[in-house]
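Protein chains in written order, with our numbering: chain A, 1 to 329; chain B, 1001 to 1289.
Incorrect hints may appear among the rest.
According to the in silico footprint, chain A covers these stretches of chain B (three or more CB under 8 angstroms from chain A) [stated by the list, open to error]:
#: 1; segment: 1030-1036
#: 2; segment: 1056-1068
#: 3; segment: 1239-1253
Result set (DSSO-like, lysine-lysine): computed pairs, CA atoms no more than 30 angstroms apart in a straight line [what the hints assert, rightly or not]:
#: 4; chain 1: B; residue 1: 1012; chain 2: A; residue 2: 140
#: 5; chain 1: A; residue 1: 171; chain 2: B; residue 2: 1251
#: 6; chain 1: B; residue 1: 1064; chain 2: B; residue 2: 1211
#: 7; chain 1: A; residue 1: 171; chain 2: B; residue 2: 1012
#: 8; chain 1: B; residue 1: 1245; chain 2: A; residue 2: 171
#: 9; chain 1: A; residue 1: 266; chain 2: B; residue 2: 1064
#: 10; chain 1: A; residue 1: 112; chain 2: B; residue 2: 1012
#: 11; chain 1: A; residue 1: 266; chain 2: A; residue 2: 140
#: 12; chain 1: A; residue 1: 112; chain 2: A; residue 2: 171
#: 13; chain 1: B; residue 1: 1011; chain 2: A; residue 2: 140
Computed from the model, here is a short list of chain B residues facing chain A with C-beta under 10 angstroms [unchecked claim]:
#: 14; residue: 1012
#: 15; residue: 1040
#: 16; residue: 1076
#: 17; residue: 1078
#: 18; residue: 1080
#: 19; residue: 1081
#: 20; residue: 1083
#: 21; residue: 1214
#: 22; residue: 1215
#: 23; residue: 1229
These are calculated hints, taken from the structure and not from any lab test.
All C-beta atoms, glycine included, are put in the ideal place defined by N, C-alpha and C.
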Amino acid sequence: MKSIPISKSKQRTAAIDRAKVESKVRAIRNNTLVSRFGSKSRWISLIYQIFVYVILIDLAFVFLYPFIYMVTTTLKQPEDLLDFTIKWIPQSLAWENFYYGMEGLQFMRHLKYSALISGLSVIGQVLSCSFIAYGFARIKFPGREVLFVLCMFTMIVPPQTIIVPLFMQYKTIGWTDSILPMVVPSFFGGGLRGALFIFIFRQLFRGLPWELEDAARVDGCGSFRVYWRIIMPLTPPAIVVTTLLSLVWHWNDFFEPSIYLTSEEKFTIPMMLPRLYQSLTTITGSNFEVFSLPVVMGATFVCLLPMLIVYLLLQRYFIQGVARSGLVE
Amino acid sequence: MRGRKLSLERKKMLAGYVYIAPWVIGFALFMLYPLVYSLYLGFHEVVGVGNFQLRSVGWENFNKAFVLDTNFVPLFISVIQDAVINTPLIIVFSLIIAIMLNHNIRGRAFFRAAFFLPVLIGSGLAMQQLLYAGVGRDTLVNGIGVPDEVFLYMGPTFSQIVFDMLSRLTVIFWKTGVQILLFLAGLQGIPVSLYESSRCDGATEWEMFWKITLPLMTPIILLNLVYTCVDSFTDINNRMMVYIKDTAFTKIEMGYSSALGWIYFLFIFVLLILVFVSTRRLVVYTGEK
Chain A
1 MKSIPISKSK QRTAAIDRAK VESKVRAIRN NTLVSRFGSK SRWISLIYQI
51 FVYVILIDLA FVFLYPFIYM VTTTLKQPED LLDFTIKWIP QSLAWENFYY
101 GMEGLQFMRH LKYSALISGL SVIGQVLSCS FIAYGFARIK FPGREVLFVL
151 CMFTMIVPPQ TIIVPLFMQY KTIGWTDSIL PMVVPSFFGG GLRGALFIFI
201 FRQLFRGLPW ELEDAARVDG CGSFRVYWRI IMPLTPPAIV VTTLLSLVWH
251 WNDFFEPSIY LTSEEKFTIP MMLPRLYQSL TTITGSNFEV FSLPVVMGAT
301 FVCLLPMLIV YLLLQRYFIQ GVARSGLVE
Chain B
1001 MRGRKLSLER KKMLAGYVYI APWVIGFALF MLYPLVYSLY LGFHEVVGVG
1051 NFQLRSVGWE NFNKAFVLDT NFVPLFISVI QDAVINTPLI IVFSLIIAIM
1101 LNHNIRGRAF FRAAFFLPVL IGSGLAMQQL LYAGVGRDTL VNGIGVPDEV
1151 FLYMGPTFSQ IVFDMLSRLT VIFWKTGVQI LLFLAGLQGI PVSLYESSRC
1201 DGATEWEMFW KITLPLMTPI ILLNLVYTCV DSFTDINNRM MVYIKDTAFT
1251 KIEMGYSSAL GWIYFLFIFV LLILVFVSTR RLVVYTGEK
């Protein structure tokens, strides 16, 4: 709004008024509890709020439980496990269990393969799924609906159904025992749940204003330029969501790598979890089975650690992102 | 002029095909052929594992699954039972949590972050490791502390169901991350003006939930229903999946495993069709679609 020259005090009151209106609008937008119950009774509102907080804190505990359990158990000495008086807080912190976990997984050695597979898959899925989704969302062509239904339909094919012929196919072209079977399909809108990502991108693209695209086209933009320079920069939320989910799913994936990768130096980090005892026994020469739980939890934590770090970095964009990614029709 | 316009249209159409070409290629290479081949394999038996010689056995593999194999049918039923109990619980809980998170509460960012965290563990080996260590077994059943007398009153079948639900609850909660996010997105998409106008007309919160929130959330509920079904059926820890994998790679019965995979896949497919057909009238779409 252009400011009209008026006196300073008038300007200030106008600003205050505007701020009041804005805060009211914001309150309505956010469904504030006060505004919802204010007309009835403060008490109901208060009781309701306490109720919501109690439930949320309770549930948050349930959701955080595996992480709390993982970390506290890792920090326990073997003796603490047998002591019934100790539930959460160990007597002395056993940091070495993280170290054992890392050693047992041979973390640094296998990080490379895990990172390669999940990193490349993420790049492939974000690029290809958004590209394909642009076609499905913004360009009309015969057969589009049928193809899209077919695309969604691939979501429900369990990987186990086609794993045998796929395995043989990869074997014929010599892709087994390499990362190619996990990475290459990602660049073709496949990979783990690629169809879901196509769906997410499509929903978002459909919600973007057409005027933007028309304007760019009038200015002589080709459709690829429109996709790459106009549509993609408008979609960081969807990109963040896709990146994180794709990264987590590929990182944690055990099924495909365990089928395709056969030589041990190429194993991903999760694939080393079942071999933890074995590799710890060879490294330290002692039997780890006896006091295993803290070490197992340490290894599990270390295995998830890169995902935790990425999540903490992306978390803010992620949570806001989904809310605005236009997943809604 | 006219000819040029037509060619522009056609050019646009062609561009459309160019955009979805990667998917078509990927589908043909990594999905279509294996899918057809696995169906073909389902009617065959692998004679020599080394050179992969096939012998046609007709419907024998499918017969075997239902008649001879004593593991398959009970496993199938229990897997379906799991899904039937879990799916509504997941949907209802994630909707409730999403509605609570949608309020303007303090620490909303923290709660949202916390509720998504279990997705990081996913359903992979780390999760298995945790469950094996006993996480989830003793959190809620003991936590709520339902007295035994309550179960006695309910009769054996019903109490079994309730007990089942309670003991699943913790693990179920951990599977609601993605659904909560989808619901949150949906809730934020509902125009505030609808609530305002109905409030002016004197609607209560309760009425607004049933008349506005729920109907407008039905597309998301459907999406979540489908996602949850697919997620639970194709979960790596799903016992059926484990069984099919073992049949193929431990027992080396590739043909039989393919047949099992197809029976399972067709079942999921039919189930999803049923979900779509039965919910078609319930789902409300706003706007032009």
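To see whether the hints hold, each was checked on the structure:
Proximity of the segment 1030-1036 of chain B to chain A, defined as three or more residues with a beta carbon under 8 angstroms from a beta carbon of that chain, is established by the 5 residues found. A count of 0 residues in the segment 1056-1068 of chain B with a Cβ less than 8 angstroms from any Cβ of chain A is obtained; the coverage claim is therefore unmet, three being the minimum. Residues of the segment 1239-1253 of chain B with a Cβ under 8 angstroms from some Cβ of chain A number 5, which satisfies the need for three, so the listed coverage holds. Simply put, residue 1012 of chain B and residue 140 of chain A have alpha-carbon atoms about 8 angstroms apart, close enough for the 30 angstroms limit, and the pair holds.
A threshold of 30 angstroms between alpha carbons decides the hint, and for residue 171 of chain A with residue 1251 of chain B the separation of about 20 angstroms falls inside it, so the pair holds. As the CA atoms of residue 1064 of chain B and residue 1211 of chain B are separated by approximately 51 angstroms, the hinted pair breaks the 30 angstroms bound. Taking the CA atoms of residue 171 of chain A and residue 1012 of chain B, the gap is near 39 angstroms; set against the 30 angstroms cutoff, the hint is violated. For the suggested pair residue 1245 of chain B and residue 171 of chain A, the alpha carbons sit about 18 angstroms apart, so the restraint of at most 30 angstroms is met.
Restraint check: the Cα-Cα separation between residue 266 of chain A and residue 1064 of chain B comes to about 38 angstroms, which exceeds 30 angstroms; the hinted pair is violated. At most 30 angstroms may separate the alpha-carbon atoms for a hinted pair to count; residue 112 of chain A and residue 1012 of chain B exceed this at roughly 42 angstroms. Using a Cα cut-off of 30 angstroms, the hinted pair residue 266 of chain A and residue 140 of chain A is violated, with the two alpha carbons roughly 44 angstroms apart. A threshold of 30 angstroms between alpha carbons decides the hint, and for residue 112 of chain A with residue 171 of chain A the separation of about 23 angstroms falls inside it, so the pair holds.
Under the criterion of a C-alpha separation no larger than 30 angstroms, the hint pairing residue 1011 of chain B with residue 140 of chain A is consistent with the structure, at around 11 angstroms. Hint status for residue 1012 of chain B: holds, given a least beta-carbon distance of 6 angstroms to chain A, under 10 angstroms. Interface restraint check: residue 1040 of chain B against chain A, minimum CB-CB distance 8 angstroms, threshold 10 angstroms, status holds. At about 13 angstroms, the closest approach between the beta carbon of residue 1076 of chain B and any beta carbon in chain A exceeds 10 angstroms, and the interface hint on this residue is violated.
Look at residue 1078 of chain B: its Cβ only gets to about 17 angstroms from chain A, farther than 10 angstroms, so that hint breaks. The beta carbon of residue 1080 of chain B comes no nearer than 14 angstroms to any beta carbon in chain A, farther than 10 angstroms, and the hint placing it at the interface is violated. Taking 10 angstroms as the C-beta cut-off, the interface hint given for residue 1081 of chain B is violated, the closest approach to chain A being about 18 angstroms. Of the supplied interface hints, the one on residue 1083 of chain B is violated, with its beta-carbon coming no nearer than about 13 angstroms to a beta-carbon of chain A, more than 10 angstroms.
Because the beta carbon of residue 1214 of chain B sits about 15 angstroms from the nearest beta carbon in chain A, more than 10 angstroms, this interface hint is broken. Hint on residue 1215 of chain B is violated. Least Cβ distance to chain A is approximately 13 angstroms, over the 10 angstroms limit. With a cut of 10 angstroms, the hint placing residue 1229 of chain B at the interface with chain A holds, because the nearest CB-to-CB distance is about 8 angstroms.
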